[in-house]
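Trainee: Line by line, the protein sequences give chains A and B. First residue of the first sequence? That's 21 in this note's numbering, and the numbers climb one at a time after it. First residue of the second sequence? That's 21 in this note's numbering, and the numbers climb one at a time after it.
Rather than coming from a laboratory, the hints here were simulated on the basis of the structure. Be careful, since some hints might not be right.
What the hints assert, rightly or not - For lysine to aspartate or glutamate, the following DMTMM-like pairs were computed, each having C-alpha atoms within a straight-line distance of at most 25 Å:
1. B:274 to A:283
2. A:288 to B:377
3. B:125 to B:363
4. A:274 to B:377
5. A:292 to B:59
6. B:55 to A:283
7. B:292 to A:63
Unchecked claim - Covered stretches of chain A (in silico footprint by chain B; criterion: 3 or more residues with CB under 8 Å from a CB of chain B, positions within the stretch not fixed):
8. 37-49
9. 56-67
10. 212-219
11. 273-281
12. 344-354
13. 392-403
Everything numeric in this text was worked out from a predicted model, so none of it was measured. Even glycine gets a Cβ: it sits at the ideal position worked out from N, Cα and C.
For reference, the chains in residue letters:
Protein chains: 2
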Amino acid sequence: MRTRELGESPVVIVEEGSIGLVETKYYTFASPPNKFQMDNGLELGPITVAYETYGELNEARDNVLLVEHALTASAHAAGKHSEDDQYPGWWDVMIGPGRAYDTDKYFVVCSNILGSCYGTTGPSSINPETDKPYGMTFPLVTVRDMVRVQKELMDHLGVNKIKSVIGGSMGGMQAIEWALLYPDMVESIALVASGAVSNPQSIAIHKVGIRAILDDPNFNGGNYYGDEVPAKGLAIARMIGHITYLHHNWLWEKFGRAHSDPENMKLKLGSKFDIENYLEYQGTKFVDRFDANSYIYIMRAIDLYDAAEGYESLKKSFERIKCKKVFVCSFTSDWLFPTYQSEEIVRALKFSNVEVEYQEIESPYGHDSFLLEYKELTQYIKQFFATL
Amino acid sequence: MRTRELGESPVVIVEEGSIGLVETKYYTFASPPNKFQMDNGLELGPITVAYETYGELNEARDNVLLVEHALTASAHAAGKHSEDDQYPGWWDVMIGPGRAYDTDKYFVVCSNILGSCYGTTGPSSINPETDKPYGMTFPLVTVRDMVRVQKELMDHLGVNKIKSVIGGSMGGMQAIEWALLYPDMVESIALVASGAVSNPQSIAIHKVGIRAILDDPNFNGGNYYGDEVPAKGLAIARMIGHITYLHHNWLWEKFGRAHSDPENMKLKLGSKFDIENYLEYQGTKFVDRFDANSYIYIMRAIDLYDAAEGYESLKKSFERIKCKKVFVCSFTSDWLFPTYQSEEIVRALKFSNVEVEYQEIESPYGHDSFLLEYKELTQYIKQFFATL
Numbered sequence: 021m022r023t024r025e026l027g028e029s030p031v032v033i034v035e036e037g038s039i040g041l042v043e044t045k046y047y048t049f050a051s052p053p054n055k056f057q058m059d060n061g062l063e064l065g066p067i068t069v070a071y072e073t074y075g076e077l078n079e080a081r082d083n084v085l086l087v088e089h090a091l092t093a094s095a096h097a098a099g100k101h102s103e104d105d106q107y108p109g110w111w112d113v114m115i116g117p118g119r120a121y122d123t124d125k126y127f128v129v130c131s132n133i134l135g136s137c138y139g140t141t142g143p144s145s146i147n148p149e150t151d152k153p154y155g156m157t158f159p160l161v162t163v164r165d166m167v168r169v170q171k172e173l174m175d176h177l178g179v180n181k182i183k184s185v186i187g188g189s190m191g192g193m194q195a196i197e198w199a200l201l202y203p204d205m206v207e208s209i210a211l212v213a214s215g216a217v218s219n220p221q222s223i224a225i226h227k228v229g230i231r232a233i234l235d236d237p238n239f240n241g242g243n244y245y246g247d248e249v250p251a252k253g254l255a256i257a258r259m260i261g262h263i264t265y266l267h268h269n270w271l272w273e274k275f276g277r278a279h280s281d282p283e284n285m286k287l288k289l290g291s292k293f294d295i296e297n298y299l300e301y302q303g304t305k306f307v308d309r310f311d312a313n314s315y316i317y318i319m320r321a322i323d324l325y326d327a328a329e330g331y332e333s334l335k336k337s338f339e340r341i342k343c344k345k346v347f348v349c350s351f352t353s354d355w356l357f358p359t360y361q362s363e364e365i366v367r368a369l370k371f372s373n374v375e376v377e378y379q380e381i382e383s384p385y386g387h388d389s390f391l392l393e394y395k396e397l398t399q400y401i402k403q404f405f406a407t408l
Numbered sequence: 021m022r023t024r025e026l027g028e029s030p031v032v033i034v035e036e037g038s039i040g041l042v043e044t045k046y047y048t049f050a051s052p053p054n055k056f057q058m059d060n061g062l063e064l065g066p067i068t069v070a071y072e073t074y075g076e077l078n079e080a081r082d083n084v085l086l087v088e089h090a091l092t093a094s095a096h097a098a099g100k101h102s103e104d105d106q107y108p109g110w111w112d113v114m115i116g117p118g119r120a121y122d123t124d125k126y127f128v129v130c131s132n133i134l135g136s137c138y139g140t141t142g143p144s145s146i147n148p149e150t151d152k153p154y155g156m157t158f159p160l161v162t163v164r165d166m167v168r169v170q171k172e173l174m175d176h177l178g179v180n181k182i183k184s185v186i187g188g189s190m191g192g193m194q195a196i197e198w199a200l201l202y203p204d205m206v207e208s209i210a211l212v213a214s215g216a217v218s219n220p221q222s223i224a225i226h227k228v229g230i231r232a233i234l235d236d237p238n239f240n241g242g243n244y245y246g247d248e249v250p251a252k253g254l255a256i257a258r259m260i261g262h263i264t265y266l267h268h269n270w271l272w273e274k275f276g277r278a279h280s281d282p283e284n285m286k287l288k289l290g291s292k293f294d295i296e297n298y299l300e301y302q303g304t305k306f307v308d309r310f311d312a313n314s315y316i317y318i319m320r321a322i323d324l325y326d327a328a329e330g331y332e333s334l335k336k337s338f339e340r341i342k343c344k345k346v347f348v349c350s351f352t353s354d355w356l357f358p359t360y361q362s363e364e365i366v367r368a369l370k371f372s373n374v375e376v377e378y379q380e381i382e383s384p385y386g387h388d389s390f391l392l393e394y395k396e397l398t399q400y401i402k403q404f405f406a407t408l
């Protein structure tokens, strides 16, 4: 398996069967005065959604797969934007002719989430009322908002039936929300390394990251555009995140206690263990590619997510779901979205009489497994789609 | 069980059987030109050690228990400094007449570690050569240095035989090092929630904390004394630490997803989950009581610790140990020093033909268990001492 060596998120690279060149498209809606009403009651508009599609929408318009991305990914899920691109999209290995999300059969859509910084409207977008970036005047975003924006995109694409909404990590939360908000539209959902709720440890970890960004002197209340960005705070936030994507045992395997400057380890604080260099590299790389405000907003959206919100229990909430079938998958070494969170979903679905297929995958890679264990995942997803 | 409600580290409070009023004493040695030679070859002196003693040294001088503290504690392990003190010493519940470290029988010594900020020489101490605080000119400290400084104190107290060296967390690392460096002096060691080596996840977590402190504009290369301290960076470092002291499930139990301002949770970033308020409180409190440079130095000492250093294996290293018996204890929910690290010690000791008693305690509290599960621990320690 070849992956980005030190990339921000692991991307498995398999040349054969890749979809080839793709392009990002944009759809704008909710132009004033017809603004989009947010989950919190505030209004926002216009909203642009960046999205990509792979494969063809069939005549019956019933072959749609909607792929939901996690915290820091983009609409660019598969293929390359140009021949020169070093890396394909973030879930390339799952999407293409003959792959799990088979573009010979399906019309695959992936859009960048609301609040992000990869083409969809977010805090770094220009507020037309002020001609300046929104910054922290951008309304707080929820997973429900992300999904409702995607619904607008589906309407625009003429899609009113979705074969499956598939998502890993926060992408799974969006998939759940799709099934809850638009039960008649969603035939199935597939949840990978996800949860129906953000757990308190995850909130705690996000908290430290958010604090680090807010405390960076360059943050300036979110008004850092065109100036020095809060690079140090953002790097710290990302470093903490990365620790939670990998498993304790995998850190032993991958880094152990190796260090590059044994002569000076006890002499100089600047002499580092390999794991430290890795984290610093991850932090620095991330600053180049992601907006600090977006990172805060999306972490917060995850914190706020609770699929049982407004209901007395998850079981009660799930009674809205009309999926034919749900696929749930967790990974043994994932401690950010541990297996118990998937099992909780499975139990609640069964109580709502939704057919559910659950598989835990034995993997050493921690939460990152959902991007790395593509071989097993492909088999399970293919089998799942075949039963729909 | 009564503990400090929101204190920095949990201190169990049991009035009955407390040792009463105690005082911190000081011993200074290594005055120039006879400086102390550090593990890294650098020299340091003079060195003052803050220490407390409880109970009486018997005539045979063979009733000594040496208690080793963890990252941010002090020599003040038991009793109170004045009747007005709100809280007793950090391990009070284990030390006193009739308690695990029974002061009717034993002469209990606890000293503040080298590099700390509670009376023993550390980065915040005045360098007599410059009349300014050492700051980051203080030499990097290792666990071995801490122990060798304690050996000087033992010599000063006329102690050449130690019944048991007992330590939790990094305190256990010091206990191991005592058994390795001074095998003829140490009759037994007791290791609680500890390890023979710092694991890569722990190094990673420390890394982020160290980065946060170094990046705080007030840090100023460690020269912040008499000025604004790097409060934000230090608070972030402490918040990360606290996440690792508690267990995932315990966070559900203790905080869940409770929040105090439901009206505004989706409207304002400043509306917080209870777990966030807890972490912020912990971070802020810590800044008032601890020195940022000391925190960096001691985290680094933990990172650097490897009881097998210089030997081909832990087993080989442990062949130096001449203890009659060793007690090792871990806690099911501790993910900072997980049980496998205690088991590794147990195995290596057995291969060195050292008698070892191992007990894993079922506890929900995570790494903090070593301060909270005093009832079970008391029984095991008492039984262990009885067999010596």
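Trainee: Evaluate each hint against the coordinates.
Mentor: Results of checking the hints against the structure:
no.	hint	result
1	B:274 to A:283	violated (45 Å)
2	A:288 to B:377	violated (38 Å)
3	B:125 to B:363	violated (31 Å)
4	A:274 to B:377	violated (32 Å)
5	A:292 to B:59	holds (18 Å)
6	B:55 to A:283	holds (23 Å)
7	B:292 to A:63	holds (23 Å)
8	37-49	violated (count 0)
9	56-67	holds (count 4)
10	212-219	holds (count 3)
11	273-281	holds (count 3)
12	344-354	violated (count 0)
13	392-403	violated (count 0)
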